[in-house]
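Here is what each chain is made of, one letter per residue.
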Amino acid sequence: MRLGRRNRQGGARHDRTDRCVADLVGALGPERVRADGAARHLASADASMFSDGTAGPVCFPDSTEHVQAVMRVAASHDRAVLPRGAGSGLSGGAAPLGDPIVVSTTRMNRVLEVDAEDRVAWVQPGVVNLDLSRQVAPLGLHFAPDPSSQQVCTIGGNVANNSGGPHCLAYGVTSAHVLAVEVVLSSGEAVVLGGLDAEPSGYDLRGAFVGSEGMFGIATKIAVRLTPDPESIKTLLLSFDSVADAAATVGAVIASGLVPAAVEMMDQRCVAAVEDFVQAGYPREAAAVLLIEVDGLSRGVEADTRKVAEIGRAHGGNVRVAADEEERALLWKGRKSAFGAIARVAPDYYLHDTVVPRSKLVEVLKAVYEIVDRHDLVAVNVFHAGDGNLHPLLAYDSRQPGANERVAAAGQEILEVSLAVGGVLSGEHGIGVEKRDFMEFQFTAADLEQQALLRRSFDPHCRLNPGKVLPSAHSCADVASLSASRPDGVWG
Amino acid sequence: MTDSLGLLGVDQAELDSCVACGLCLPHCPTYRVTGADTHSPRGRIALMRVVDEGIAPLSDEIVESFDSCIQCRACETACPGDVPFGHLLEATKEFVETTQRRAPWWLKLGLRGLTRPRLLRFVSSSLAVAQRLRLVPSRRMGIPERLPVRRRALRPTGDDVWLFTGCVMDAWQRDVHLATKEVVEATGTTVRPTGDAAPCCGALHTHAGLGDDARKLAARVISALDGDNAILVNSAGCGAALKDYGRLLDSDEARAFSERVLDVHEWLADRIDQIEMPDAQARTGGRVAIQDPCHVRHVQGTHMAVRRVLEPFVSELVELDDEGMCCGAGGAFSLVQRQLALDVRDRKTAAIDRAEADVVVSANPGCSMHLAAAGHAVRHPVELIAEALRSR
Amino acid sequence: MITPPVIDDEALLAFAAEIGPRDPVVVRGGGTQWDVGGAPNGDVREVRAPSGIVEYRPDEMTVCVRAGTTVAELHAALAENGQRTALPDGSGLPDGSGLPDGSGWPDGSGWPDGSGLPDGSGLPDGSGRPDGSGLPDGSGPCGSSPSTVGGAIAVGRSPVTRLGDGHLRDAVLQLHYVAADGRLVTAGGPTVKNVSGFDMCRILVGSLGTLGCIGDVILRTRPIPEHEQWAKLDDIEPQIVLNTVKTATAVLWDGSAVWARLAGHQVDVEDDLARLPDAPETPPPELPPFRWSRRPKDLYRLGEETGRFVAEIGVGVVHCERPDPDPPPIPAGVAALNRRVRDLFDPDRRFNPGRSVERT
Ligand SMILES: Cc1cc2nc3c(=O)[nH]c(=O)nc-3n(C[C@H](O)[C@H](O)[C@@H](O)COP(=O)(O)OP(=O)(O)OC[C@H]3O[C@@H](n4cnc5c(N)ncnc54)[C@H](O)[C@@H]3O)c2cc1C
Ligand SMILES: Cc1cc2nc3c(=O)[nH]c(=O)nc-3n(C[C@H](O)[C@H](O)[C@H](O)COP(=O)(O)OP(=O)(O)OC[C@H]3O[C@@H](n4cnc5c(N)ncnc54)[C@H](O)[C@@H]3O)c2cc1C
Ligand code: SF4
Ligand code: SF4
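Residue numbers (the numbering used here), protein chains in the order written: chain A, 1 to 492; chain B, 1 to 392; chain C, 1 to 360.
Hints were generated in silico from the structure; no laboratory data involved.
Virtual Cβ for every residue (Gly too), placed ideally from N, Cα, C.
Incorrect hints may have been included.
From the derived model, a few chain A residues whose C-beta atoms are all more than 12 Å from chain B [unchecked claim]:
#1 140
#2 180
#3 305
#4 324
#5 452
So, partial list: chain A residues that the calculated Cβ filter (under 7 Å) puts toward chain C [stated by the list, open to error]:
#6 170
#7 172
#8 198
#9 203
#10 212
#11 255
#12 297
#13 405
#14 409
#15 412
#16 413
#17 416
#18 419
#19 430
#20 444
#21 457
Kindly generate the complete structure, drawing on both the sequences and the hints.
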């Protein structure tokens, strides 16, 4: 894992782009193409600290036709293309390798059609996740995947990363909420994968596209499923004297046959940080707290609430049920501020993301503490406990000598521990460049070759977002040299 | 962590406190309308960084990125890491201005004019006459369509509190001062308008990167308003600027001064029960939509106070559904970045239309003028309160 | 350095060895959906996937099961812990036993010559499977249909409860399959949440055995609801039922009556029933044999061409008496993609030659 200072390299100009820029301007108009250093510099990074390449020209299409035009220009100049949403990704998915043409979807931000009867909306890929839910709220509907970044991330990014969120425990991740995607392929051709009918025939290309991290094509229209708002919601705050009790409660709740809408855990370090930041009323003395939400019809929700409370108490927990919407909002605000609370501690952070079997949570958390302490790092844990999705958040200062190396080492050890107990590399942030070189920890050469076949089915030239996800040995030959030859910088 | 100074002269730790998470992006009006990272807070900070470290030259595009910022500071409210964006951008603008002298001559001339109240009133009245004679295209010039030719006198009633009158507002919206005075006096408090002794708060100068001018004005205002009396401000931008003198001048005197400054709604909120409430019929009718000036909501954080004081006096208060997104006025911004200001305003206009509001209230002269130019009926909250009190 | 888990299940290794790296092969499950996509060419070697439950972890809500296991056996085992999966097991179907009497299936010919029938005679080799005593006696959640887990995944069709239980593809967490070159491949991962690498499971679900031969699978399980029942409603718009009955996991409509399957807390089902005019507990009619795919809103525009039909409201599947005369077209670009996928995964077309995912 290569961690760096956050996006600040310089370098000399190169003019290979000039003709390409002229063609892009010819195809899209000057107001939709930016080739200046400022625009390219900013398109060279996402919310992670992986930035090995520099963006080429940055395009701002507003239609499928524009995206097709970009793709054709790219093909004629043999340039790579990188789709970019809000740039909130945490695995370097939208951070370029080489110097690809960047296709920013921020101007493709219209909700095209809402069909309340069938509970489907067609949206452009640049629509912000929370904006969509807000817009359909008057219909009593929402878009279920709710990443903690939902106020900023785009539906296109959600689709590309198959993003999750607290409420995906009950409702499923993005893939379960995407019915069809219009995709511009590297050939410039636009195809609609999936469909609004019940069982579109052919392979589930839609399903394969979701989670393809910008490497199969550029999503230009997405048909998402809208979920009816639950009639009743209850949120419980459970606090425990030990992480083990909290984890055992999670297991017991799940095993009891309940399907809570969300089960989130925060450890003591996290609670302390959150309470310093927003006074959400979390008990500072608790070793771990659980935020559990149940929803559905009111009588069932009451029964579930009682059951969760009973299980919590049986495990030595202190139980508080949010009395009203205000208290509920405050509890969630605490959970959602966790990231910010820790971000104030140090200038850089590394937000890890692995999944382990629920029964291994205690064991793995212990190992995580041991690892970060050994590497002299600050870490808090706040995560989707219901599905075993760990998010150790490591805060550090990359200017301190050796800090990057320590974070990288700790990150790798946490991965190894997770895999050793039967876990996986990533639960929601994706592989990108961050975990590309660890893919061989989880997959054999045969597995990776099959994944490469799937990618080549969509993009035979490996033009889209080259160098990501698959370790170089399994990537297309023509881009294998990407990370070796770093292109010149953006400041002419 | 060493607190070093780069080219911008800001504390690098402040620049580095941005972790690039992007959570501020959707709250930034300019990013919302253009979708360009160069028009986003995260992008602007990243560019400040490369300028600060001397990595990138101060190119036109980089300067444009800074100049296109409305300085609404919505990004500060949204930021989980408390990045002091406003201060960083002010320092950056000052750096740009001192190294490149970018501010247009007419803007500088105009800003100087603000510090000369009599001249300002004269020019303003002349313009008003010219408007009546249809000699000036008001809309294109971004000035209110019906400037007052004559102003009613604003006389002191005592010394309990200062009422900061400012520059443009006093020349163009004196009625708001009169209403403010009336409402404050309804609590049994006497009011002394600051008048020409403290002619301008300097906010616009700070925003334009004219730091020296701003500091001079601040010193002048502080020395004119000595004593311990509270200083009430009914213009969001001025209030925010006066409250920031402590940081701007970095002196104990200035900090003590800033402590005395209160947004008028903030002050009224604590005294609202000293006013005799109107009965239901006397309340101002229609649907009243609240538009929070950014310097109320994101800088001073006094937007809830506005609601508290206004609520008893109007029949129906409605919220806009755009979460306090900037209207695009931004002081002189709407003059300097005309198109961007209009695009941002379109979003606000859409939100106002969705709210089906009869009247919009806004506690900042810049915002009200900008919105009025789009055809909305805009009033200052205290005007509605004063009206309700009068019909009591 | 960490290495990927080694596949050491003898049954799986034997399955891979049997498939080998060359020659046309086809995996036969229970043969209950044999004609979907067209029958394979005549001279194809038939193999059977291994069977048996490898590891059931009720607390993790996951089960690892070999592909040749019948859905019936799997669900019988899960039922002991009050769980099941989103795979079709016939539960909730007409006679409650879930046993198709042949009449409910495509012209009866879909049944492999009767050998796949419940008498057990058609079972792979008897080895992978309980001697029959382990099978539910019909009173359980499922009948003793020979249809297999691998077949259900390869066909990729969800049961009528998809409305409430979700698509079966979302229940597939990990697959081991034999690729065309004979190697054993892992798709996905064992945890309930996972975005490591491309989503290979999705492309295999519904691939009708044309991309790989599924050896075993890890499925997400879900709790069996406290209460489940059908309710029949006359003289009501199906869309209204869909919108008001919150506990509905299926809403079926035959053009006049509506059958809703209500599942969840007893109290919630009671509340839902209380909202409805008069809804006697009545199972739905038998499902006609042919399956059409429509947009949910288009279900109300079905005409004479269906014959008797039962439509899945909110989902869009229509069970009809006749084949779909007018199936949604496959655009050329998508068809080309489908072809490319198959060409790359199985360049020699050795898997299920003659069968196509584009033909239903
Ligand atoms: C009572 C009951 C009722 C049902 N009702 C319906 C219904 O109404 N509609 C409906 O669509 N489904 C229904 N099903 C589900 C249907 O039986 C399943 O689709 C499925 O289980 C078929 O399995 P099979 O073993 O019979 O498959 P087969 O008919 O043996 O095979 C079907 C296809 O899958 C391939 N295949 C089988 N196993 C593998 C493997 N391991 N790897 C790769 N490819 C494989 C075959 O090559 C073939 O192409 C019902 C099931 C039951 C038990
Ligand atoms: C504070 C914070 C909290 C987060 N919390 C969560 C969380 O709870 N759950 C979670 O899953 N993630 C989370 N994330 C990660 C991130 O927000 C998600 O991955 C998100 O879906 C990325 O969306 P984006 O629009 O920012 O995409 P980007 O970062 O711009 O891009 C992400 C990937 O998608 C590709 N892409 C973007 N648009 C398209 C398109 N139209 N077509 C094809 N490919 C495209 C890009 O090439 C890139 O590979 C969090 C991030 C932050 C900063
Ligand atoms: S101050 Fe306003 S316009 Fe400027 S970056 Fe922040 S949110 Fe955007
Ligand atoms: S300014 Fe704050 S919210 Fe915006 S990217 Fe930086 S840290 Fe995140």
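Evaluated hints:
no., hint, verdict
1, 140, "holds (16 Å)"
2, 180, "holds (24 Å)"
3, 305, "holds (30 Å)"
4, 324, "holds (19 Å)"
5, 452, "holds (31 Å)"
6, 170, "violated (10 Å)"
7, 172, "holds (6 Å)"
8, 198, "holds (3 Å)"
9, 203, "holds (6 Å)"
10, 212, "holds (6 Å)"
11, 255, "holds (5 Å)"
12, 297, "holds (4 Å)"
13, 405, "violated (18 Å)"
14, 409, "violated (13 Å)"
15, 412, "violated (9 Å)"
16, 413, "violated (10 Å)"
17, 416, "holds (5 Å)"
18, 419, "holds (5 Å)"
19, 430, "holds (5 Å)"
20, 444, "holds (5 Å)"
21, 457, "holds (4 Å)"
Violated hints for the displayed structure, listed by number in ascending order: 6, 13, 14, 15, 16.
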